[in-house]
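A.B. asks: Chains as they are written, first to last, in my numbering: chain A, 693 to 1147; chain B, 693 to 1147; chain C, 693 to 1147; chain D, 693 to 1147.
Be aware that a few hints might be false.
Copies of the same chain look alike in the list, so a pair counts if it fits in one copy or across any two.
Listed below are the simulated DSS-like cross-link pairs for lysine-lysine, each with C-alpha atoms no more than 27 Å apart in a straight line [unchecked claim]: (1) 769 - 1090; (2) 1114 - 1033; (3) 874 - 914; (4) 695 - 766; (5) 769 - 751; (6) 1094 - 713; (7) 1139 - 782; (8) 917 - 874; (9) 917 - 709; (10) 1083 - 781; (11) 874 - 769; (12) 1090 - 1132; (13) 1072 - 815; (14) 755 - 1046; (15) 836 - 1132; (16) 782 - 695; (17) 1132 - 905; (18) 737 - 826; (19) 914 - 1050; (20) 1037 - 1114; (21) 713 - 695.
In case anyone wonders, no lab produced these hints; they're calculated from the structure.
Number of protein chains: 4
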Amino acid sequence: MDKFEFISPLDYRYWDKETAKLLSEEARIGFQAKVEAVLAMALAKQGICSRQIAEEIAKASEKVRAEEVYEEEKITKHDVRALANCIRKKVSDRAKPFVHFGATSYDIVDTANAVRYKEACEKTVIPELVRLEKTLIEIALREKSTLQIGRTHGQHAEPITFGFAIAGYVNRLGNRIKAIEKTKDLLEGKFSGAVGAFNGSSLFVQDPPGFEKSIMEQLGLKQCKHSTQVVAPETLLDLLNALVGAFNVLANFADDMRNLQRSEIAEVAEAFGAKQVGSSTMPHKRNPINFENVKSLWKEFMPRAITFNMDAISEHQRDLTNSASQRFVPELFAGVVASAKRLNKVCSNLVVDKESMKRNFDSCKEGIVAEPLYLLLAAKGYPDAHEYVRKKTLEAEKSGNKLMDLVLADEEITPFIEKLGKQQKEILQNPEKYTGIAEKKTLEVCKYWKAQFRI
Amino acid sequence: MDKFEFISPLDYRYWDKETAKLLSEEARIGFQAKVEAVLAMALAKQGICSRQIAEEIAKASEKVRAEEVYEEEKITKHDVRALANCIRKKVSDRAKPFVHFGATSYDIVDTANAVRYKEACEKTVIPELVRLEKTLIEIALREKSTLQIGRTHGQHAEPITFGFAIAGYVNRLGNRIKAIEKTKDLLEGKFSGAVGAFNGSSLFVQDPPGFEKSIMEQLGLKQCKHSTQVVAPETLLDLLNALVGAFNVLANFADDMRNLQRSEIAEVAEAFGAKQVGSSTMPHKRNPINFENVKSLWKEFMPRAITFNMDAISEHQRDLTNSASQRFVPELFAGVVASAKRLNKVCSNLVVDKESMKRNFDSCKEGIVAEPLYLLLAAKGYPDAHEYVRKKTLEAEKSGNKLMDLVLADEEITPFIEKLGKQQKEILQNPEKYTGIAEKKTLEVCKYWKAQFRI
Amino acid sequence: MDKFEFISPLDYRYWDKETAKLLSEEARIGFQAKVEAVLAMALAKQGICSRQIAEEIAKASEKVRAEEVYEEEKITKHDVRALANCIRKKVSDRAKPFVHFGATSYDIVDTANAVRYKEACEKTVIPELVRLEKTLIEIALREKSTLQIGRTHGQHAEPITFGFAIAGYVNRLGNRIKAIEKTKDLLEGKFSGAVGAFNGSSLFVQDPPGFEKSIMEQLGLKQCKHSTQVVAPETLLDLLNALVGAFNVLANFADDMRNLQRSEIAEVAEAFGAKQVGSSTMPHKRNPINFENVKSLWKEFMPRAITFNMDAISEHQRDLTNSASQRFVPELFAGVVASAKRLNKVCSNLVVDKESMKRNFDSCKEGIVAEPLYLLLAAKGYPDAHEYVRKKTLEAEKSGNKLMDLVLADEEITPFIEKLGKQQKEILQNPEKYTGIAEKKTLEVCKYWKAQFRI
Amino acid sequence: MDKFEFISPLDYRYWDKETAKLLSEEARIGFQAKVEAVLAMALAKQGICSRQIAEEIAKASEKVRAEEVYEEEKITKHDVRALANCIRKKVSDRAKPFVHFGATSYDIVDTANAVRYKEACEKTVIPELVRLEKTLIEIALREKSTLQIGRTHGQHAEPITFGFAIAGYVNRLGNRIKAIEKTKDLLEGKFSGAVGAFNGSSLFVQDPPGFEKSIMEQLGLKQCKHSTQVVAPETLLDLLNALVGAFNVLANFADDMRNLQRSEIAEVAEAFGAKQVGSSTMPHKRNPINFENVKSLWKEFMPRAITFNMDAISEHQRDLTNSASQRFVPELFAGVVASAKRLNKVCSNLVVDKESMKRNFDSCKEGIVAEPLYLLLAAKGYPDAHEYVRKKTLEAEKSGNKLMDLVLADEEITPFIEKLGKQQKEILQNPEKYTGIAEKKTLEVCKYWKAQFRI
């Protein structure tokens, strides 16, 4: 079948091989088979079956393919039973009873999902985000002293450096990667049976939670302190929230970049291929299509937080109304990875136009002085410095004079100005120096996160 | 490639051929090519190109496949330009300039989506929902006089018939199908160029909106009263809300059925295959897996209403932050269709257990009398009938007596009871007759919707 | 009690008297009492009680205040029973039995809400939105020929007029007001009793649905075709979606305006009070705080669409898990009204800076020619006009030459240029004329909506 | 003004004094004033103003009331400047310049919110949740060996104890309380000025981040590693997600309880007041109104996760489109507290009907044997035990025989049965013993969480 016969953009358009290895249906079933294999080995350790039988089952599990499980499901109408049957077909008669032995479906499903999501974090989500983090750190360091006007409410505010702005994203993204790391390590699996009370395993092992623990350790998962038929939803929800949180950071960064790419601002730009078409009728256009794409994917995936929260509610020892919806969970991982990869690619060639930054800064240079002026006047004891500067600013605007000229001409103010130190006076004359500790902060933030991720 | 290498359950699990014909990426590009064809024909009518050229383009458009467009996009980095190039490659040199002539990408994209969504409604969404409506009507009519206890707050309330309960869904679903019909007919397309002001088409036609209108008429769409680069989002949003609204009804129905299938209630059941496995460790179980599935898909798709509303905001003459997210829109259609089909299948064999319904009714028969008793006492002028009955009910509960026995033994009440008509007295003795106009209403509702959909 | 002891910003900050009259708890109970009054009158018409009794009840209903109902509820733990008790206390003993006679709580609650929401639409939501529509029409007409560069992807695209841009909002908002009008007129009430089968009313009237209809007509509501204990949720959901849809338009407009107010763009501005403080440390700033406020309220209220959709699911003849959540529904109305009022106020004094618009247009004037050039070349039969212009644009950019100079110097192109008409050539020289039918469209759209709303 | 003139149910209906002290507008402004006071003291420590002046400001700050700030805001149109003015009015002229000195509005707003939310967690949210946790632990321990049939898919599955079911909620709620504790301790404040680069404070202190740190330590907050005008949104988002997560647990618990209160199940019930009215027309009803209320509030508040995530995106050094929406944030806290209090109240008197539990268990006793039977047969080496038991179960159902009777009569099976141990055989005869380690697990979970919260 042709991928264009499919419906989801994740499959026909944003699919990539590496990610699919962990997030596809084939992968899902592969991880389930792995749990079945680990179960068999654990049974052998308990002396319930022989080591030989366990190895037979483990080997058979490795060979199971999604396609045959789906074929079998047509008969059983039950996906996990189908999986067990497929493994069973591949083993000797004496091994058959020990396939899926003592397991309820969700011992396998929830546990396998936890392993899978953990691996997806470790092998694709986190590496991709760290790669992006590295790229952002490089930009931040490179542009640590590139003067840029800071903007609040879309209005020119006070100066920063472009590196400092990027460092904010370095910090937020770093923080979210840490959140993903922390939450993926807390993912839990279970082997507590149909209603969580270890009813079944109590029949054949002495210490059922101990047995469960040995399986989880083998798989690198935490053990539930209490489960029903399913693992308590909170640990997965924490990870999903961490992923959505990372997506927020990507989307916010994308928003900033596409705004900085506005024709009138023009401080950054996506690099543009030689044969690339800007627009089907306007060949001159350079659209921030990659940044727009990331924001758009965020619009698609962020609202799934609602689904995740709804899925945290399951009646009694569980209902199945989170079954189909949970099949869509890997899509969030895929969305995050696709966006991180895209941003990393576009950021690796991000065009930073320092001249535009300088031009934009200069256009409001005069007004910028207002803040340090007001602060310095106040520090030197001028009673209502804010109101004074506010009025002078309006006067400057109306009259077309420079604010500092008006102020220096005001005799009432002279004594306060005279009290100022050299550096302080300099800032009033050269507002581009009024960047506070932007550069220092940039270095500090980048250093911290480089160390954290050893990049 | 194997479908199990894909990530979306809509592709590897819930995909069906018929729906995919309208909702896949192949379909999307097919509809875009169709719009290009219609455009060429419209150009010919205006004398901009010859009829021969137009037909050449129209024929070429039919032959375009998604795969080649994607190949071409790798070069252009622009999907609609890629489509135009693919058509252009298939026509003679003199036809080339008239391919995609005067169109901005979204003249094609938005218009093609409107055609596609309209057709998806007409060819799959509405027919599937109407089919389900028909099945529900059959159940409602068949069970129109099947006594069932009505439940509010999960508590036994007053009697209805099972058919009456189903008729509620007949009515709500009918209403939503009508909403889908209405909104899909209002879908708009556009041919107003890059910023909506017909800048381009004003160069070569006398009456640009008239030209736009002729294209829309050909495609069965409404014309925008005003557009930017894109069609105003509200008409599509109305359709998507109607679809979500229909999904709500399906989910609510599924919830009711799975609750009625609870072990203790057992009034309905999904039919069960001979080889079907109820549970991997509990072979005796009969789970309402299809009803659960529908509720679960609702959890996945309903929250997309957030995406749809976010996509209704686009900066200035448009930004592209709704582009990727809109690629996911067909998934809602697929979700509704999959759920409708599933419900129709399970409802066609729905097991209705009248004995259970009778048993459940009988268990609370005594209490039911309270309402008609209170109403009749009040109607005959007893001052605080509600409070009187409330107390007597508690007394009956405590003493283990029947409510009516206590009441009839109360001399204060006798004169009021005596004023009652024969039918009224009968209801107090046989509360199963206290079903109001449940049966009549069922007939009426079913008749109405049968006529509406000619089913 | 002091309003600042309250938690909701709708109460301590965004509250206004006029709106509260319809949306407060006092109002809610007032509308319920009104339904009780209408019920009494309907009972009299049926001869169940005397007209005198009915009038007694109606008068008593008018006098009920929220406070006493809440006091009574402390005893009954049931709000509607508390209301009935409060009315009952105010009437003679012989009238007492006919208060709330035959009604289940939600006959009153749902019906009263429908009346209330309808009135809220008619008396505050629609008038405020129409007022804003009028203001927008005034701006659109005033600025119908004010040249502005159209923007897509935040990039300069092709020229429009500012009036044309505003006309887009006129059209979308007009469309949503119509949707609100339509949906509020379809709101339904019910008098079908505890489980919707008219069990109770069948005891005392001949034609229960006819009786229900007479009550609904009196209240200006539609009658349900089928109800359970509650009205089917879809009609209210339609209205709420229409309100959210209107909010989307307000938010989109607000976004555009605050972007156009960016320091670098500066095409519009909120008027600014003489004593207003731009920022606590930056007295020079002019922030688009009102536009930001509207966008922010949208973020708060739009996601409630999720609540509304979840509330469309209620088990069996109803559960009560939509009761508390439905108490919050009026907040959406309040949010829309507050935003409409705010926008109307700020738009009434909107500063439009035509010089900035001209300056921004001029900065990209050269590039604009690309689109008409490519179209005209194509129309005259140049084989791949788009590709030709794309390359020439890049060449112009690199060399610093004007695009048209390069093109006119290209001998290959001369024959095609010569075929152009006078107007066509003029546009290539004066791209500010390339506004298509922006002005005409503006007039048309405004005329249409003025007529629709008679404004 | 009367609370019934207000719109939000949180104010007229669910308001409580204790919570409002932390979450009202008065509280918000109080916390802001507190930050202003701490700032003044920090300035004194730096020698920028005298200790006397600082104390003067601190005292004045304590006296500020919301009402006067709102009056002042009518003039300044800026809320934080209004606050500063109100403090300034209360101090001597020489203190005036040092009020709000060097602060940008959001140094105050974000920091004050962090303090407030932290305190709200510590003083009301966590204590109320811990109180509920305690009540749940009491129920779990009391009912640790109360036999209950475990339910999956609403179907009887395998036996548990009621205490074990409650222990699941003890564990999940405990886990969420821990999450709230952890995240509230990570809340950050800032004193980095208008664009986060410490532009202002660099003018007057040597070590601006050190100065910021001293303020945060005084307030018990973390210091941002990087901020813009505002604190990076992630730490607050983590707390809000933790609150939503706790709400999920409350809602899930409420769902379970109201389902167990269904007429047919009747295993638990809300206690019912003597004068309480069950229904306005059905005096016999006992509705789970409190559990329904909690689920309903969850429907209202959970979707706000969307708002919180949208508010995590702010353009450049911040836009203000999260300002109004963030004013609604305290509502989530209020919703959680109201729900926790309500559940605690209803659970303190929860009616647990052991007889109903026994009756429900007995009704499916026969089927329960299937699982242990299949497991034991498999353990003893019977080839396809699951399939065997599945068929026998169907046979039992059809023939009306007991499953175990059929099995024991099957000679093929006898050798396997004989291999079983005594306890194993006993479970096959007395399925009520098949509760695994339900009781032990209950004890363990309760012990753990009692220790965690010292309750």
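A.B. asks: Run through the hints listed earlier and report the numbers of any the structure violates, in increasing order.
C.D. replies: The structure conflicts with hints 2, 6, 7, 9, 11, 12, 13, 14, 18, 19 and 20, although it agrees with all the remaining ones.
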